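*Asks:* Residue numbers (the numbering used here), protein chains in the order written: chain A, 248 to 602; chain B, 17 to 417.
Simulated from the structure, these hints should not be mistaken for lab results. Fair warning: there could be bad hints in the mix.
Stated by the list, open to error - Under the rule of at most 30 angstroms between Cα atoms (straight-line distance), these lysine-lysine pairs were calculated in the DSS-like manner:
| # | chain 1 | residue 1 | chain 2 | residue 2 |
| --- | --- | --- | --- | --- |
| 1 | A | K445 | A | K532 |
| 2 | B | K197 | A | K600 |
| 3 | A | K375 | B | K293 |
| 4 | B | K197 | A | K485 |
| 5 | A | K592 | B | K197 |
| 6 | A | K532 | A | K485 |
| 7 | B | K260 | B | K396 |
| 8 | B | K70 | A | K351 |
| 9 | B | K259 | B | K170 |
| 10 | B | K86 | A | K432 |
| 11 | A | K561 | A | K312 |
| 12 | A | K312 | B | K293 |
| 13 | A | K262 | A | K432 |
| 14 | A | K432 | A | K445 |
| 15 | A | K351 | B | K62 |
| 16 | B | K86 | A | K592 |
| 17 | B | K170 | A | K492 |
| 18 | B | K226 | A | K351 |
| 19 | A | K485 | A | K445 |
| 20 | B | K261 | B | K396 |
| 21 | A | K492 | A | K592 |
| 22 | A | K600 | B | K169 |
| 23 | A | K492 | B | K197 |
| 24 | B | K86 | A | K423 |
| 25 | B | K393 | B | K261 |
| 26 | B | K141 | A | K592 |
| 27 | A | K312 | A | K600 |
| 28 | A | K592 | B | K169 |
| 29 | B | K141 | A | K429 |
| 30 | B | K169 | A | K492 |
What the hints assert, rightly or not - Pairwise CB distance ranges, derived in the manner of DEER restraints:
| # | chain 1 | residue 1 | chain 2 | residue 2 | range |
| --- | --- | --- | --- | --- | --- |
| 31 | B | R46 | A | K485 | 53 to 59 angstroms |
| 32 | B | N236 | A | N278 | 45 to 51 angstroms |
| 33 | B | N236 | A | L346 | 24 to 30 angstroms |
| 34 | B | M221 | A | P294 | 23 to 29 angstroms |
| 35 | B | S234 | A | D404 | 40 to 46 angstroms |
| 36 | A | Q296 | B | D139 | 34 to 40 angstroms |
| 37 | B | N236 | A | K375 | 29 to 35 angstroms |
| 38 | A | Q296 | B | Y135 | 33 to 39 angstroms |
| 39 | A | K485 | B | L138 | 37 to 43 angstroms |
| 40 | A | Q296 | B | I384 | 33 to 39 angstroms |
Model, not experiment: these values are computed from the prediction. Note that CB positions come from ideal geometry on N, CA and C, so glycine has one too.
If you want the building blocks of each chain, they are given just below.
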Amino acid sequence: MEYFINGVGIISPQKTFDNDVFLNDISVYPNNVLRCITPDFKNFINPIQLRRLSRMLRIGLTASKICLTDANIDRPTGIITATGYGFLEETEKFLTELLERREKQLTPTYFMQGTYNALAGLVALSMKCTGYNNTFVSKGFAFENALQDAMLQLADDPGGNFLVGAFDEAASVQYKTGMRDKYYKSEWVQNLDLFESKTIGTLQGEGAAFFNIATYPSPRTWCQLTDLKMVYSPTDAKELSEELKSFLTVNNITPNAVDVWINGVSGDIERDYLLTNIENSVLQKTPQLRHKHLSGEYCTAVSFALWLGASILKKQFIPDVVKVPTLAFPQVLETVLIINQYMSKNYSFLLLKRH
Amino acid sequence: MSQRVFITGFGLISSIGRNKEENLQSLLHRRCGFGDLDILDTIHHKTLPSCEIKLNDHELCEAAGVSQGKGFTRTTLLGLIALNEAIRSANLSLSEVQQAGLLSSTTTGGIREFEQYFYNLLDIKQTGEFEQFTDTANPGEHVERMADHLGIKKYIGTISTACSSSANAIMQGTQLIKSNKLDCVICGGTEALSKFTLNGFNSLMIIDPKHCRPFDISRNGLNLGEGAAYLVLESETIVNQKKKKPIAEVKGYGNANDAFHQTASSPEGTGALHAMKGALSLGGITPENVDYINAHGTATENNDLSEGIGIQRLFGENVPDFSSTKPYTGHTLAAAGSIEAAYCLLALQHQTIWPSLNFNNQMPELNISPVKELKHKVLKNVLSNSFGFGGNTSSLLFGLV
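Chain B extracted, bound-state conformation (with noise of 0.2 angstroms):
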C-alpha cells in the first residue's frame, strides 16, 4: 500500500533571514537580499551584486554548532544550519533523526573552498590547514559530513540537476516514503555563492547587475544567491501514529525534459507544461484548483518566456496567482527547489502570496503577469516550480491536510 507523505517541519536559511522567522518578516516587508559582495572575495564584488549571506565562515560554524569543527565548508555549512532548525521544528528526536534518510543537492559543492586552496591542494608538498578541503571538489562531500555530524546512517543521496535539484530531492524523498522505503526524509539542497558560479553564470551573460525582474517585459538575468532549506517529510503511519499535525502534504510532483538545448528553454515551454501536468495529475488536482504559482522567474529572457508559456498552456484563461521570489533572495540555483517549498509553506500558514517585485511592465509574448502586492487569500494547494540546465523541469504540489 502507498503512503500518503506529509511535511511536518522546514528549516531555511538565505540572504533574507537566517531561520523561517527571519524569512517570513522579509517576505513580508519587502526585503531583500541584493546588494554588494562582502563576505566572497572577487573582483566582481560591486559589479556583480548578489544575494549573499552577511556572515563569515566563523559566524557561520558558530551558527551550525560546530565551532570546532574542521573541514566544514560554507555549503555544509548553510546546509546544517537549515537542517538543524528543520530537525527542531518537526520536533525529531535524536533516534529518529538518525532512522532518517538524508537527500541533498548542491550544484557545486565545496567549490568555494577547493577555488580558495586550488594551487596548495594540487601540490602535493605542502601542506597546512587547507588540508582539511581536501576532498571538496566533490558534490556528495557535503551530505556524508552533514550525515556523519548527525548521525544518520539510513539512507543518503545527493542530487544535482543544476536549479531544479532540491525539487527533485524533495520528489525522491516523497517517493521513498511513498513506496514504504523509508518512515522519514529529510530533504532539500545548500548551495553557497563562489567564484566558480559567479563567473560561470557571467560567461554565459545572464546575470544582470541590477535587481533582478522576473517577468517584466525589462528583465536582463538573474541575480545569485546563496541559502539553504530542508523539508521533514513523514509517512501517513507515522503521522498517525505520533499524532503529529503536519504542516502540509506533498499532493503531487512532475520531473520532465525539455530536450530543447543544453542551456536554454524551449520557447513553447514544453518542460514546464509536462512538470506541471504531471504534478498535478499525480495530486489528483485539476488546474481551477491551484491557487497559487511559485514561479522559478529567475528573470532571464529566456526562462520567463518558456515558463510563462507553459503556464499559459496549461491553465488557459484561468491562470492562478502567481509571483517570483527570486528578487528576495536571488537565485540560490541547487537550493531554490527547497527554499521555494519553504516559501509555499509560509504562504499555505499564513493564507499569503508573496508578491513578485520589481515588476512594472508585462511582456509582449504573455497575456499573464504576475502577483505585485502582498496578497491575503485562501491557499489550499500551492505549486512550485524549479528548472535548470540541462532540460530538467520539476514541479512540486503542496496541500493542506
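The shape of chain A in the complex, shown without the other chains (with noise of 0.2 angstroms):
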C-alpha cells in the first residue's frame, strides 16, 4: 500500500504557517528557547472560542486548520495526534494552585486543557468528525506511533484519508527539570550557531505540525511517505547503523541512491553521537540537512523534519539555512531520507519520495 502527504500546516519557531514561503525569513533567538512564530489566530478560530483556549491549544487547532485547507477538504475520516510532554504549562497551573491552595477551592480550566488528547477531541469537534480518533503519548516515538497508526487505520479504510499531528511546547517545568539531566545547555548558543556549539545539551523547541495522508494522490500531493522505523534504544552505533542498511534493503535503496538526508542531531556533543557516526559511516556520500537550529529540540521535532523533506520534494528547492555545504546537491529530488534521535534514545527512519 502506498501512503500520500496530502496537506500540510505547520507552526513553528521559524514562519513556516504559511505554506506559499519556505524559511525564506529566519528567526534568530536571543536565549536558548525557541517558541513558536504565530498567525493572526483571528483569521483560524472565532473570537468567543480563543479567548478560551490555552496558547497550545490554539497553536494546534490552527495548524490543523491550515492542512484542512490545504489538502482541500472539509473533513477526514478520523484524527491522530502526537506529543510528548502534552500541555505542561496548563497541567503546571493545575498543579501549582493544587499545591498552594492545599487541595481547596479548585477550577476545572487548567485540568482539562491539560489533558493529552485535549487538541484531538478540539479538532474533531471543530471539524465534526465523528471517526478514528486517536493520542499518542511516547515520547521522541509519539510522532513515529501516530504516522503507524494511520497506516494501520488505512489498511483497514484504504478510502479514508487521516489527520496526523504532533504537537509540544517549550515549557518552563520541562526546562527545568530537563537542566537536572544536562538536557539543555547551561551556556547561551544563538541557534543558529546550535551545530558549532561543541557542548552538552541542545536548544529548546516547540511546534504543532499538521499532515494529511490517503492512499491515493490529489493534485495537492506534497510527497509519498515510504516507509517508517523506529528503533528503540540502539546499544551501539554497529546497532544502528544495521538497521539503517536492513531498512534500506527492505525499501529496495541503496545509501547512495538518496538524494538527501535530514540529520535529526541536536547540536548535543554528546547525544548526537550516533548520528554522527552514521553520517561518517553508511550515508558518507549523501548530502544533508539539518534542522533543530531552526526548530530546536522536542519530542516530536520529527514533524518539522517530515515537513521539510515534503517541502524540498514539492517546491524541488532546499533553502541554504539547512544545507551542510560538504557535499554537492542534486539538481532533481527524489529521495529524502529523515533519521531522527531523541534524548539519543528514540531513533527513527522515514523514506520520503517525490510524487
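Two chains, each in its own frame: build the complex with the hints.
*Replies:* Here it is, written out as C-alpha cells:
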C-alpha cells in the first residue's frame, strides 16, 4: 500500500504557517528557548472560542485548520495526534494551584486543557469529525507511532484520509527539570550556531504540525511517505547502522541513491554520537540537511523534519539555511531519508519519495 | 494476508485483587475496593473515598520484583506487576518477551511522584533522592522504564485518550499483529491515584463521595480507582506454530469520536453507537450474537445516559445482558479498558456475567437496566466499552475461539 501526504499545516519557531513561503525569513533567538511564530489566530478561530483556549490549543487547532485547507477537504476520516509532554503549562498551572491552595477551591479549566487528548478532541469537535480518534504520548516516538497508526487505519479503510498531528510546547517545567539531566545547554548558544557549539545539551523548541495522509495522491500532494521504522535504545553505532542498512534494503534503495538525508542531530556533543557515526559511515556520501537550529529540540521535532522533507520534494528547492554544504546537492530531488534521535534513546527512519 | 489475533494471556492488579485469581474471587463474592484513602496523602482521604490498592510503594516494589529499583513510579510498579502476570500467563519465554511489542497507556504518567516532589524538582539547586523522579511528568516515561526492565526493544508506544486509553492500546496491538507488523504485542494500561487526578475530577464535580451507582436514577458521579492490566496478543501463525490454546480472540474493535463537547458525551450516544457498530461490523457479528456488554458505566449522570441511549439505538428491542464493574474497582481511567477487558476474559472463561452493584432504580430515560446478580449463562461474544474526555469512544469485541 502507498501513502501520500496531501496536505500540511505547521506552526514552528520559524515562519512556517504560510505554505507559500519556505524558510526565507529566519528567526534568530536571544536565548535557548525557541517559541512558535504564530499567525493571527482570529483568522482561524472565532473570538469566543479563542478566549477560552490555551496558547498551545490555539496553535494546534490553527495548524490543523491550515492543513485541512491545504488538503482541500472539509473533514478527515479520522484524527491522530502525538505529543511528548502534552500541555505541560496547563498541567503546571493546575498543579501549582492544587499545592498552593492545599487541594481547595480548584477550577477545572487547566485540568481539562491539560489532558493529552484535548487537542485531538478539539479538532474533532471543530471539524465535526466522528471518525477514528487517537493520541500517542510516547516521548520521542509519539509522532512515529501516530504515523504508523495512520498506516494501520488506512489498511482497514483504504478510501479514508487521516489528519496526523504533532504538538509540543516549550514548557518552563520541562526546561527546569531537563537542566537536571543536562538536556539543555547551560551556556547561551544562538540557534544558528547550534552545530558549532560542541557542548552538552540542546535548545528547547516547540511546534505543532499536521499532515493529511491518504492511500491516493491528489492535486495537492506533497510527497509519498514510503516507510518508517523506529529503533529503540540501540546499544551501539553498529546496531543503529545495521538497522538503517536493513531499512534501506527492505525499501530497495542504496545509501548512495538517497538524494538527501535530514540529520536529526540536536547540537549535543554527547547525544549526537550515533548520528555523527552514521554521517561518517553509511551516509558518508549522501548530502545532508539539518533543522534543529531552526525548530529547537522537542519530543515530536521529527514532524518539522517531515515538513522539511515534504517541502523540498514538492518545491524542488533546498533553502541554504538547512544545508550542510560539504557535499554537492542533486538538481532533481526524488528521495529523502529522515533520521531522527531524541535523548539518544528514540531513533527513527522515515523514507519519502517525490510524487 | 491479514492475521487473526488471539489473546494468550493476561494479568491485572486492582483494588479488588493483586492478580487474576484474587480479582475473580472478588467479582464472584461482590467484594469492592471502595473505602477511605490510606496510602495517598490527600486532605480528601475521608471525604472522597476511592478504590485504592492497599500496598505502599515499598510493598509494590517487592511485588514487582524491583526491590532495589530507583525511579519506578507507582504507575510503573502497578504496570510491572500486571505485566509480569500477563507474561507468565501466556508462557512467554524471555526471548519471546524481548521480541514482543509493548503498548501501554496512562492519563497522567508519574504525576503522583511529580506532584510530591514538585518544588524540589523545580529548584535546580536542590539535590537528593527525589531526583530519581525528574522526568515523571512525561507520560511515556513509564513505558520506557518497563521496556528497559524487561528488555523489550522491538516496538514500544504509549497511548493517552483519557478514560478509553487502554482499549485503544489493545486495538492498536491487534492492528499491528493483523497487518503482520508484529507477532506478539503486550498491551494495556496502568493508572495510579494521585492528588492531581482526584482534585481534577473533583473540580469537575463528577466524583460521588458515596459508592457509585451505575445506571441508577440516583447516580451522582464516579469513584476513582487505581490498577493496571495487560493482555498478551499473538498472531494466528504463532499460536498455530506453538500449538497454544488461546483464551479468546479479538474479533472486532471500534473507535470513534462523539464530537460533541470537550468533557461531556452527547445525549444521543453518537460516539458510543459508532464505536460498538464498528466493533461488530469488523467482527462480522450481528447484534443478536452479542451475549454480554461490559459497559463503561461510570455512574456519572452524563456517561450512563449517553451510553445507555447508544446501546438502545444499536440493539433496539434485544439489548443483551450488560453491567458495569466500576463499583468494584472504581474508575481506573487509562487502565479501565484493559482491566475490563480482563474481566470480559474472566467472564468468557467462567461463563459468568459480573453483576452491576448498587443498581436499584430505573433511569426514566432508558428502558433497559443492568444485570444485578451474578449470572451463569453461555457466553460466546462479549463487548467491552470505554469512553473518555475529548469525545473518545472505543469498543472491543472478544469471542471464544
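*Asks:* Decide, hint by hint, whether the structure agrees.
*Replies:* Hints versus structure:
no., hint, in the structure
1, A:K445 with A:K532, "holds (23 angstroms)"
2, B:K197 with A:K600, "holds (22 angstroms)"
3, A:K375 with B:K293, "holds (19 angstroms)"
4, B:K197 with A:K485, "holds (24 angstroms)"
5, A:K592 with B:K197, "holds (22 angstroms)"
6, A:K532 with A:K485, "holds (18 angstroms)"
7, B:K260 with B:K396, "holds (19 angstroms)"
8, B:K70 with A:K351, "holds (25 angstroms)"
9, B:K259 with B:K170, "holds (24 angstroms)"
10, B:K86 with A:K432, "holds (26 angstroms)"
11, A:K561 with A:K312, "holds (20 angstroms)"
12, A:K312 with B:K293, "holds (29 angstroms)"
13, A:K262 with A:K432, "holds (24 angstroms)"
14, A:K432 with A:K445, "holds (10 angstroms)"
15, A:K351 with B:K62, "holds (15 angstroms)"
16, B:K86 with A:K592, "holds (19 angstroms)"
17, B:K170 with A:K492, "holds (17 angstroms)"
18, B:K226 with A:K351, "holds (20 angstroms)"
19, A:K485 with A:K445, "holds (23 angstroms)"
20, B:K261 with B:K396, "holds (16 angstroms)"
21, A:K492 with A:K592, "holds (19 angstroms)"
22, A:K600 with B:K169, "holds (28 angstroms)"
23, A:K492 with B:K197, "holds (19 angstroms)"
24, B:K86 with A:K423, "holds (21 angstroms)"
25, B:K393 with B:K261, "holds (22 angstroms)"
26, B:K141 with A:K592, "holds (27 angstroms)"
27, A:K312 with A:K600, "holds (25 angstroms)"
28, A:K592 with B:K169, "holds (11 angstroms)"
29, B:K141 with A:K429, "holds (14 angstroms)"
30, B:K169 with A:K492, "holds (18 angstroms)"
31, B:R46 with A:K485: 53 to 59 angstroms, "holds (58 angstroms)"
32, B:N236 with A:N278: 45 to 51 angstroms, "holds (50 angstroms)"
33, B:N236 with A:L346: 24 to 30 angstroms, "holds (28 angstroms)"
34, B:M221 with A:P294: 23 to 29 angstroms, "holds (28 angstroms)"
35, B:S234 with A:D404: 40 to 46 angstroms, "holds (42 angstroms)"
36, A:Q296 with B:D139: 34 to 40 angstroms, "holds (37 angstroms)"
37, B:N236 with A:K375: 29 to 35 angstroms, "holds (31 angstroms)"
38, A:Q296 with B:Y135: 33 to 39 angstroms, "holds (35 angstroms)"
39, A:K485 with B:L138: 37 to 43 angstroms, "holds (40 angstroms)"
40, A:Q296 with B:I384: 33 to 39 angstroms, "holds (37 angstroms)"
Comparing the model with each numbered hint stated earlier shows that all of them hold.
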